[in-house]
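Just so you know, the protein sequences line up as chains A and B, in that order. Note that the numbering used here has the first sequence beginning at 1, numbered continuously upward. Note that the numbering used here has the second sequence beginning at 1001, numbered continuously upward.
A couple of the hints might just be wrong.
[To be verified] List time: in silico BS3-like cross-link candidates among lysine-lysine, alpha-carbon distance up to 25 Å:
#1 A:K32 / A:K181
#2 A:K224 / A:K237
#3 B:K1199 / B:K1007
#4 A:K181 / B:K1163
#5 B:K1163 / B:K1118
#6 B:K1118 / B:K1185
#7 B:K1118 / B:K1169
#8 B:K1257 / B:K1051
#9 A:K181 / B:K1126
#10 B:K1059 / A:K221
#11 A:K214 / B:K1199
#12 A:K181 / A:K103
#13 A:K103 / B:K1176
#14 B:K1181 / B:K1163
#15 B:K1118 / A:K181
#16 B:K1234 / A:K214
#17 A:K231 / A:K32
#18 B:K1059 / B:K1126
#19 A:K181 / A:K214
#20 A:K103 / A:K243
#21 B:K1004 / B:K1234
#22 B:K1163 / B:K1039
#23 A:K181 / A:K90
#24 B:K1059 / B:K1039
#25 B:K1234 / A:K224
#26 B:K1199 / B:K1039
#27 B:K1007 / A:K231
Derived by calculation from the structure, the hints in this document are not laboratory data.
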Amino acid sequence: MSMGGKELVLITPDGRRLDGRRPDEIREIKIKVGILENADGSAYVEQGHTKVYAAVYGPREVHPRHLALPNRAVIRCRYHMTPFSVEERKSPAPTRREIELSKVIREALTPAIIVEQFPSSAIDVFIEVINADGSTRCASIIAASVALASAGIPMRDLVAACSIGKINGVLVLDVTDIEDKYGEVDMPFAMMPNRNEITLFQLDGVLTLEEIEKAISMTTKACKEIYERQKSALKEKYIELRKAIEEGGKA
Amino acid sequence: MMPKLKKQQIMDLLSSGRRIDGRGLEDLRPVEIRCRSVKNAEGSAEVRLGKTLAIAGVKTSVGTPFADAPDMGVMIVNAEFLPIASPTFEPGPPDENAIELARVIDRGLRRAEMIDLKQLCIVPGKAVWEVWIDIHALNHDGNLMDASALAAVTAILTAEIPKAVVSEKGEVTINKSERQKLPIKSIPITVTVAKIGDKLVVDPSLDEEEVSDSFLTATFVGDNVYAVQKRGEKGLTVEETMRALQIARQKARELLKIVKEVVGSGQD
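Make a model of the complete structure from these sequences and hints.
What follows is the structure in structure tokens.
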């Protein structure tokens, strides 16, 4: 692969990636819970240079009213990238890509939410990507599912997510922007780890069925790792809250 | 909303391996393809899957290439779910379902390099062919995805575009009296499998779509997968996912045969 005359080596023969990771290694992940005070639940997720905020408002009244469902809550989701989150400024108006991603992220989260408990109401999930370096929809799902849990919304499980790519024939976890652009495959993936159910599965690139099976088993392992981080981030928040209450401060 | 009784009926039948319209779980509805019916389009196809009807048209124009791909033609896929097709469709710009459908079909065509965009360069950095693939739903009885993908692929295969002539000064003119086929590298085929309860069915009808838990759409060239999209509000197990991909691969072979027959025979 050449870029601007210089040879771009996405993965070395001994399996090191541009940022030094091994194929089955995910980026350092940072999850913070409850950082947007106005929201009923919120989270911030950082994976390398991919940084996203997620906020949950609800359950609340549905506007416009005719969208309400008599037997369950409607889940609405907006995935949005800030204009400065990418190399070339992006118009703040929603693109076709953002509309599609909002839909697949909503469908990745909905199976985890016990929507039957909130008839005629809405749960709104807002996601802002503030810096994009690959796998933003997966980071968004990680953040949004933690935000939903921190809003106290009853859930069957958390949703964990991790993308997988292929460079020089090697399957690699948690792809960065450059690996996505110049690699052969991008396969975003999300699941409920405790229930072993896939809730997001997209593929853009060529794989055999055998490779897909292998990719799923690799990313399942990564999702379980991320799942643990999501749970501990939530626990940390509640330990912090309890401390504040015990000290008589405002929670 | 689907009446509970109908859902029960669909589920009961499925548990004994049958479907509400009499099909087996892995049977497609009858496929009918009519191509080249739109005289003013460079390529066109109407596809019927049972009562679902979608039409795709290919138009071309000369435009400028993208800065990061100066020697590549441009392909644009758009889909419209118009009110003509269903009492539930409303006029207006494409909604998330139409956008998703167009983008899934676009990914399949692009990854399979169905159209060799390199050959659609006229003057590098200056002029390239733009290929517009417009898909319109005409009657929605379920699985617009596969009907639309099939219509797009057939329309591309039947397309004949005018010839671009470059003068010595570098000006591009179009010679409409001379026509040529689009440069084709492969034929991607898209198949959708729906999950209803614990059953997987291929090519879901509208009744079935309304009670489906989730869908898996996959695009194949030969035995390899080029695009996948899981849709719907419930999850899939790994086993269900792999099984759905296997079923889709089998059905893609059947559909490829039909496409080849229709296009090859030159029958209009």
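Hint-by-hint comparison with the structure:
For a cut-off of 25 Å, the pair hint linking K32 of chain A to K181 of chain A is broken: about 29 Å separates their Cα positions. For the suggested pair K224 of chain A and K237 of chain A, the alpha carbons sit about 20 Å apart, so the restraint of at most 25 Å is met. For the hint pairing K1199 of chain B with K1007 of chain B, the CA-to-CA distance comes to about 14 Å; that is within 25 Å, so the pair holds. The hinted pair formed by K181 of chain A and K1163 of chain B fails the criterion: a straight-line CA distance of about 33 Å is larger than 25 Å.
Note on K1163 of chain B and K1118 of chain B: the hinted pairing holds, with a Cα-Cα distance of about 16 Å set against a maximum of 25 Å. A threshold of 25 Å between alpha carbons decides the hint, and for K1118 of chain B with K1185 of chain B the separation of about 11 Å falls inside it, so the pair holds. Among the hinted pairs, K1118 of chain B with K1169 of chain B is consistent with the structure: their alpha-carbon atoms are about 23 Å apart, no more than 25 Å. A threshold of 25 Å between alpha carbons decides the hint, and for K1257 of chain B with K1051 of chain B the separation of about 21 Å falls inside it, so the pair holds.
With a C-alpha separation of about 24 Å, the suggested pair K181 of chain A and K1126 of chain B falls inside the 25 Å cut-off, and the hint holds. Note on K1059 of chain B and K221 of chain A: the hinted pairing is violated, with a Cα-Cα distance of about 46 Å set against a maximum of 25 Å. Straight-line distance between C-alpha atoms of K214 of chain A and K1199 of chain B comes to about 24 Å, which keeps the hinted pair within the 25 Å bound. For the hint linking K181 of chain A to K103 of chain A, the alpha-carbon distance of about 23 Å falls within 25 Å, and the restraint holds.
For the proposed pair K103 of chain A and K1176 of chain B, the alpha carbon gap of about 42 Å is over 25 Å, so the pair is violated. At most 25 Å may separate the alpha-carbon atoms for a hinted pair to count; K1181 of chain B and K1163 of chain B meet this at roughly 10 Å. Straight-line distance between C-alpha atoms of K1118 of chain B and K181 of chain A comes to about 18 Å, which keeps the hinted pair within the 25 Å bound. Between the alpha carbons of K1234 of chain B and K214 of chain A the distance comes to roughly 23 Å, so the proposed pair stays at or under 25 Å and holds.
At roughly 11 Å between alpha-carbon atoms, K231 of chain A and K32 of chain A fall within 25 Å of each other, so this suggested pair holds. Restraint check for K1059 of chain B and K1126 of chain B: satisfied, since their Cα atoms lie roughly 20 Å apart, inside the 25 Å limit. With a CA separation close to 22 Å, the supplied pair K181 of chain A and K214 of chain A stays within the 25 Å bound. The straight-line distance between the Cα atoms of K103 of chain A and K243 of chain A is roughly 38 Å, outside the 25 Å bound, and the hint therefore fails.
Simply put, K1004 of chain B and K1234 of chain B have alpha-carbon atoms about 18 Å apart, close enough for the 25 Å limit, and the pair holds. A hinted pair counts as satisfied when its Cα atoms are at most 25 Å apart, and K1163 of chain B with K1039 of chain B qualifies at roughly 17 Å. For the hint linking K181 of chain A to K90 of chain A, the alpha-carbon distance of about 17 Å falls within 25 Å, and the restraint holds. Our distance criterion of 25 Å between C-alpha atoms is met by K1059 of chain B and K1039 of chain B, whose separation comes to about 11 Å.
Only pairs whose Cα atoms come within 25 Å are accepted, and K1234 of chain B paired with K224 of chain A is accepted, the gap being roughly 19 Å. Under the criterion of a C-alpha separation no larger than 25 Å, the hint pairing K1199 of chain B with K1039 of chain B is inconsistent with the structure, at around 43 Å. At roughly 37 Å between alpha-carbon atoms, K1007 of chain B and K231 of chain A are farther apart than 25 Å, so this suggested pair is violated.
Comparing the model with each numbered hint stated earlier shows that hints 1, 4, 10, 13, 20, 26 and 27 do not hold.
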